Amino acid sequence: MNISLKNISFSYSDSLDDAILKNLNLEIRSGECVVLAGESGCGKTTISKLINGLIPHYHSGTMDGDVLLGDKNTADMTLAEISRVVGSVFQNPRSQFFNIDTDCELAFGCENLGMDPEEIKRRMANVVQEFHLEHLLGRSIFNLSGGEKQKIACASVSATGPEIFVLDEPSANLDLKTIADLKEIVSRWKKAGKTVVIVEHRLYYLRDVADRICYVKDGQIAYEWTPAELEAKGAEYAASLGLRCMNLDQLGDEDMMCHSRLDRESPSSTESITFTNLTFCYHRKHPILDIDRLELPCGQITALVGHNGAGKSTLAQVLCGLQGNWHQKRAARKRGAYLIMQDVNHQLFTESVLDEVLLGMKQQDEKLALEILEGLNLKQYADNHPMALSGGQKQRVAIGSGISSGCDVVVFDEPTSGLDYRQMLAVSATLKKLAASGKTLLVITHDPEFILNSCQSVVRMEYGKVVEQYPLLGNQEKLIEAMLNV
Amino acid sequence: MIFTAPLVYSLLMVVVASILLLFEGKWKFVCTFFFVYLSAGFFFGQVKNLDIGTSGTIILASLFLMYRIMPACAVLYYVITTTKVNEFLACMSRMHISNKVTIPLIVMIRFFPTVFDESRAIGNAMRMRGIRLFSLRTLKNPVSFLEYRLVPLLVSITKIGDELSIAAVTRGLSTDTKRTCVAKIGFRWADAVVWAYCIAVVLFYVIPGLTGNLPSL
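Chains A and B, in that order, give the protein sequences. Counting in the working numbering, the first sequence runs from 2 upward without gaps. Counting in the working numbering, the second sequence runs from 408 upward without gaps.
Honestly, the hints are just simulated from the structure, not real lab data. Quick caveat: nothing in here was measured; it's all calculated off a predicted structure. Glycine included, C-beta positions come from ideal geometry on N, C-alpha and C. Please note that a few of the clues may not be correct.
[What the hints assert, rightly or not] Now the in silico label distances, taken between C-beta atoms and shown as ranges: (1) B:PHE430 <-> A:ASP117: 27 to 35 Å; (2) A:ASP117 <-> B:ARG475: 43 to 51 Å; (3) A:VAL468 <-> B:LEU429: 41 to 49 Å.
Generate the whole structure from the sequences, applying the supplied hints.
What follows is the structure, given as structure tokens:
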């Protein structure tokens with residue numbers, strides 16, 4: 002089924018003066034796979050919402066122009082009718098499930114369409130086989146990893162058999178191996194003649210699948226390339242548009258890394274911090290985390306890699322005293338380790354940015370707090386409410402509160418997930434500055450571009466154990482290979 | 408008599424929830440529940456006739472609220488941990504209850520576990536900052552403790568609520584189509600037993616209690 006967006010203007014407010022899309026035209030042919038790329042806030046997610054009918058039926062705003070699915074205008078259809086032809090997968094695996102167990106979730110869409118129960122069972126059996134979900138049946142969604150959730154989301158949408166699939170940053174929370182599975186799923190849909198629209202920052206995995214990459218800027222389609230064309234223009238061209246790389250193999254090149262090479266060659270110190278007794282289990286027979294000893298180089302950024310469910314987050318929580326037994330928690334308090342969570346909204350409590358930094362201090366010292374904010378480029382926001390800031394600013398406020406509580410070790414849980422190239426560089430700059438000031442950083446990440454840009458050493462985990470630890474310089478290819486094959 | 412009469416009668420109803428929860432293997436929850444519930448009821452019975460002043464009245468009121476509300480919470484816990492979304496929807500439509508009533512209810516049921524999940528994450532973040540319930544700081548300023556806990560929770564649950572509704576509507580959940588259901592549901596003898604018990608309790612204790620003719624022990 003082809004999609005056509007004709008002269009679309011849209012604004013989330015009452016007038017089109019501050020429109021996010023301005024007179025946009027886009028034709029997507031039946032069976033085509035189109036990627037919508039662009040910097041955060043450029044309007045690419047809005048386009049996806051126009052296609053799946055959330056605009057105009059769910060989000061309010063001012064709209065001009067027509068969206069046609071086949072020959073039907075979405076404005077004349079109800080959301081339930083649109084959901085028969087368009088299946089949507091979203092970015093946040095946490096909140097896109099309406100059921101609390103996997104079986105029901107797979108059946109949910111079909112049940113809503115009023116299909117015959119026998120037919121639903123047949124379709125469920127089909128998708129389970131197609132997506133290899135046998136081991137995920139009958140599980141509570143609260144016990145699934147991000148990658149597993151995303152697979153279930155794709156499968157349950159697939160079960161209703163829509164003609165069009167719309168995916169909004171589906172890879173944001175996934176490791177490289179799960180992204181490869183996602184690519185499989187997309188190419189299967191394409192083979193079946195479905196039309197696929199993907200909003201995405203990470204482009205490399207869609208290289209062989211996508212027919213077109215549309216670059217959205219200032220509310221319009223500014224450029225269109227085939228993946229080969231974009232790749233031929235080189236990594237620097239993509240970076241200048243704020244796009245992530247097209248080819249992971251190019252990443253290991255020394256050229257790509259030269260801008261950050263200097264500080265890598267001269268590690269600020271040879272000292273290291275030693276952590277012992279990092280173990281954790283829910284059941285005695287199945288330890289989730291089993292590390293006797295972990296050494297992190299002081300004043301450096303260490304990347305913590307490993308597949309979804311390898312125990313990385315558990316390690317971070319035990320290090321910071323959020324999990325584990327009484328001894329581990331006391332040790333964590335003594336050593337002072339601070340966790341910057343993936344969802345920083347969880348750790349901002351107060352009414353102003355300044356209060357947020359003061360809160361963690363043993364002796365409240367406003368001058369010192371302002372100095373910390375200055376270092377994070379947040380001084381002008383000192384009186385703002387933390388919730389009113391942008392995502393990157395919130396993250397920096399959380400970092401500020403960590404610094405003020407006097408922690409020497411700062412652990413980050415996927416600080417760059419779902420960020421475009423420019424935002425990723427900004428996070429990287431903040432982290433480098435933090436490391437230069439003498440803090441020891443451990444960063445859980447699935448983002449090879451970020452690692453090559455900022456980290457000095459790598460720790461790789463598997464099944465709750467550290468399997469490898471090495472300095473990054475000279476081992477770039479090894480790292481990427483390990484991340485792809487985990 | 409250690410326990411007051413109303414406590415014993417409310418126990419008759421608590422028993423239903425407990426047995427159902429035990430069938431689900433939630434013995435830990437049931438034990439904790441009974442311990443807190445019976446203590447609250449017991450202390451309420453002990454304190455209520457004493458002359459205890461303002462602060463005592465506050466304690467009395469919270470004890471009263473606790474032991475009156477806890478049974479309802481236990482039932483709610485049973486409902487949200489064991490009811491599957493599709494079974495609930497199917498059962499409601501079988502009872503000819505409008506989707507306009509059912510869908511908001513199901514969103515609520517779906518919402519609770521997520522709220523607990525979020526709340527746990529926020530609690531973790533607070534502990535990392537050294538903000539604890541039992542600490543000098545909280546004792547000095549208990550309101551700020553609540554604020555630290557509630558502000559991020561409210562922000563995140565509004566967002567999640569929105570995303571959940573989007574997930575539901577893009578999957579075709581709507582008020583005007585008739586759903587089907589894969590799961591087999593029906594009214595069986597176990598349901599009949601629970602029903603009969605509840606009706607008996609209402610007839611013999613709740614209605615007389617409301618009209619002031621509560622049978623004495």
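Outcome of the hint check:
{"no.": "1", "hint": "B:PHE430 <-> A:ASP117: 27 to 35 Å", "result": "holds, 32 Å"}
{"no.": "2", "hint": "A:ASP117 <-> B:ARG475: 43 to 51 Å", "result": "holds, 47 Å"}
{"no.": "3", "hint": "A:VAL468 <-> B:LEU429: 41 to 49 Å", "result": "holds, 44 Å"}
The earlier numbered hints are all upheld by this structure, with none contradicted.
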